[in-house]
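Q: This is what each chain is made of:
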Amino acid sequence: MSDLAAFLTPVLITAGINSIIALGLYITMSSGPLSVAHAALAGMGGYLGAVLTTNFGWPFSLAILAGMLLGFVTGLLLGLLIVRMNELVAGLTTLGFGETMAVIAFNIDYIGGANAFSGIPLRTTLPLVYAVLAVILFVAWRYDESRLGYAARATRDSPVTADAMGINITWVKSLTFGIGAAIAALGGVLRAHYILVQGPEDMGFFVSVGFLIFVIFGGSYVFWGPLFGAMTLTILPEVLRFSAKDRFIIYGVLLTIMVILRPQGLITRRSMR
Amino acid sequence: MKRFVMAALLLVAAPAAAQEKVVHFSSINGQTGQSAAYGSKVIEGVNLAAKTINDAGGFADRCGGKFKVKVTTGDMANSREQAVSLLRQAAADATVLAVVGPSPSTGYVPMVPVAGQLKIPVIATGSAAPIKEWNPWSFRLNTTSKVAAPGMMKTLKTKFDLKHVALIYDVTQDGQRGEAELIRNSAKEIGYDVVAFEAFRAGDNDFRPQLSKIKATKTDWIAIYGATPELAKVVNQMAELGIKANIVTGFGTFNDPVVWDLTEGKVKGGYSWSAYFALEDPARPEIAKMAQLYKKEYGHDPTLYSFYGWDALNVYVEAAKRACTATDREKFRQALNTIDNVSTLSGKATFKNPPDGENLSAAVIVNQTTGRGTFEALK
Numbered sequence: 089m090s091d092l093a094a095f096l097t098p099v100l101i102t103a104g105i106n107s108i109i110a111l112g113l114y115i116t117m118s119s120g121p122l123s124v125a126h127a128a129l130a131g132m133g134g135y136l137g138a139v140l141t142t143n144f145g146w147p148f149s150l151a152i153l154a155g156m157l158l159g160f161v162t163g164l165l166l167g168l169l170i171v172r173m174n175e176l177v178a179g180l181t182t183l184g185f186g187e188t189m190a191v192i193a194f195n196i197d198y199i200g201g202a203n204a205f206s207g208i209p210l211r212t213t214l215p216l217v218y219a220v221l222a223v224i225l226f227v228a229w230r231y232d233e234s235r236l237g238y239a240a241r242a243t244r245d246s247p248v249t250a251d252a253m254g255i256n257i258t259w260v261k262s263l264t265f266g267i268g269a270a271i272a273a274l275g276g277v278l279r280a281h282y283i284l285v286q287g288p289e290d291m292g293f294f295v296s297v298g299f300l301i302f303v304i305f306g307g308s309y310v311f312w313g314p315l316f317g318a319m320t321l322t323i324l325p326e327v328l329r330f331s332a333k334d335r336f337i338i339y340g341v342l343l344t345i346m347v348i349l350r351p352q353g354l355i356t357r358r359s360m361r
Numbered sequence: 558m559k560r561f562v563m564a565a566l567l568l569v570a571a572p573a574a575a576q577e578k579v580v581h582f583s584s585i586n587g588q589t590g591q592s593a594a595y596g597s598k599v600i601e602g603v604n605l606a607a608k609t610i611n612d613a614g615g616f617a618d619r620c621g622g623k624f625k626v627k628v629t630t631g632d633m634a635n636s637r638e639q640a641v642s643l644l645r646q647a648a649a650d651a652t653v654l655a656v657v658g659p660s661p662s663t664g665y666v667p668m669v670p671v672a673g674q675l676k677i678p679v680i681a682t683g684s685a686a687p688i689k690e691w692n693p694w695s696f697r698l699n700t701t702s703k704v705a706a707p708g709m710m711k712t713l714k715t716k717f718d719l720k721h722v723a724l725i726y727d728v729t730q731d732g733q734r735g736e737a738e739l740i741r742n743s744a745k746e747i748g749y750d751v752v753a754f755e756a757f758r759a760g761d762n763d764f765r766p767q768l769s770k771i772k773a774t775k776t777d778w779i780a781i782y783g784a785t786p787e788l789a790k791v792v793n794q795m796a797e798l799g800i801k802a803n804i805v806t807g808f809g810t811f812n813d814p815v816v817w818d819l820t821e822g823k824v825k826g827g828y829s830w831s832a833y834f835a836l837e838d839p840a841r842p843e844i845a846k847m848a849q850l851y852k853k854e855y856g857h858d859p860t861l862y863s864f865y866g867w868d869a870l871n872v873y874v875e876a877a878k879r880a881c882t883a884t885d886r887e888k889f890r891q892a893l894n895t896i897d898n899v900s901t902l903s904g905k906a907t908f909k910n911p912p913d914g915e916n917l918s919a920a921v922i923v924n925q926t927t928g929r930g931t932f933e934a935l936k
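Here the protein sequences come in this chain order: V and P.
Heads up: take any position in the first sequence, counting from 1, add 88, and you land on the numbering used here.
Heads up: take any position in the second sequence, counting from 1, add 557, and you land on the numbering used here.
Sample of chain P residues at the chain V side, in silico, Cβ under 8 Å:
1. Ser642
2. Arg645
3. Gln646
4. Ala649
5. Thr663
6. Val666
7. Val671
Far from chain V, some chain P residues (derived; all Cβ distances over 12 Å):
8. Thr609
9. Ile747
10. Lys853
11. Glu933
Note that these hints are calculated values from the structure, not bench results.
No experiment lies behind these values; they were computed from the predicted model shown.
Virtual Cβ for every residue (Gly too), placed ideally from N, Cα, C.
The following block holds chain V by itself, in its conformation from the complex:
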């Protein structure tokens, strides 16, 4: 393998997985909720998928489906829980949920506790990640143009007007939360089968904030935004490795400048026209 390929392959796999999880967060946020639980949802998918392939010998595809189902059901219930809360309280609730899941994972010996769950077989490859990413992009594209997508955006922009127009806000918010969580859990299963270790740290607040930054940086109003944000912000620190000690300073400065110049995110619906 050439040096360039050796450098790029792990970076692109990580960027692809981050993009998948960020797209899940994008769908959840499209109806309004600010979620800081998506790292936990991805982690839950990762744990379940890893346990099923490692301890029970399930095929990887079935483990992915099981992880997605767990993510969907959990997201749906979490969406139902926060539907009537204001944005701040809903955000804090998702934060509490994420931290609780991490603490639970810390205390379950069966999944490795604080020492993480290891021994996971390698199943995630570069072609697989990008095939899955292509499918998720297609889903996000169709979702954006679907009745549910329009209803979600209407709910986000003005819940009162959307309600008056006959949109079932409860259903839209919880369904989009569920779909977004399922996609995040899918990303979590892929990540666990690439890193080969799934630990409670992967579910924490700062990891969730990382996904949130991908979406906000790229733009949360069109599906290209989270893709661009996750790709750029995953690859950028790797490209900046020539300046080992300063790379996160450069990264932080660039991020701050971009947010000041483009608070709506780099890619908006208008810029896509």
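With the hints as your guide, set chain P onto chain V.
A: What follows is chain P alone, placed relative to chain V:
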């Protein structure tokens, strides 16, 4: 004709000589993020060791080859993903012979299965977390309780002819329980009896039932394994019940000033173990020499982690000398397994993997607590 033959010989010989001139190691550690305080010191130790070897003209292997050392540093930023990505990148680079692995367990634990899968040697430089499943490609230079706890008991046996030990431990903490089990399981080999093995749970307040059973054994040695709050309560309740026995615990716990305060100094005279570290040791002038070089290079004193970095690179160079290769990872791995009691700044190194990659001769210092945060090493 003569010139032609000479030129042809040079053409044939030159690439072969050029190919094996450099031994390339990858050094992956936390240069930024929460673990930078340790990781950056390991990196400094690794780089200084490489510089020192290269400044001396490189090294010669046992087959007569001359090599210089090249180190490529990667910052894992306390992230599993980055640690694994960097390891994969190193493994894909055919010139990299082995990886000096991280001090944070966040990086080393996920690297272990990947190293086995990619068949590239990795050596930990400070990670102490238990490894669920070792493979022949993963090693650990630093001391862990697996080696240290039985080592401490051997020292106590030799010095005090310890015969009976009672154990009281926190069953809910993996590390505490693990070390207590190690002491129980080493009893037969070292030559003492475990007269009680009493468990408690984190958050418990009353240890009198367990301590009463221990008192009935009339043992003169009690090993206590628990986090600071519970450990302090056990020590205080021992005094209340009139139990007068020598006390033993794990990694330097009795030397913690908080433990001293919570027990009002009752831990005085207690024994615990720690890793070997000294900036000056009259018996080992190489330590002061390295410390001087280090201070000159970086403007500050080395830490234990700097020693781990220095030692890891030197152990790797010793293995490369024995393996006579700059690229064959399998030969290098086999050579690492011949490292037996090789002297290092942080003690000694011995590897016999399988069954595991732990350093079997990692230096363990048995300390006796003498005051608040002060202790003496047992001679």
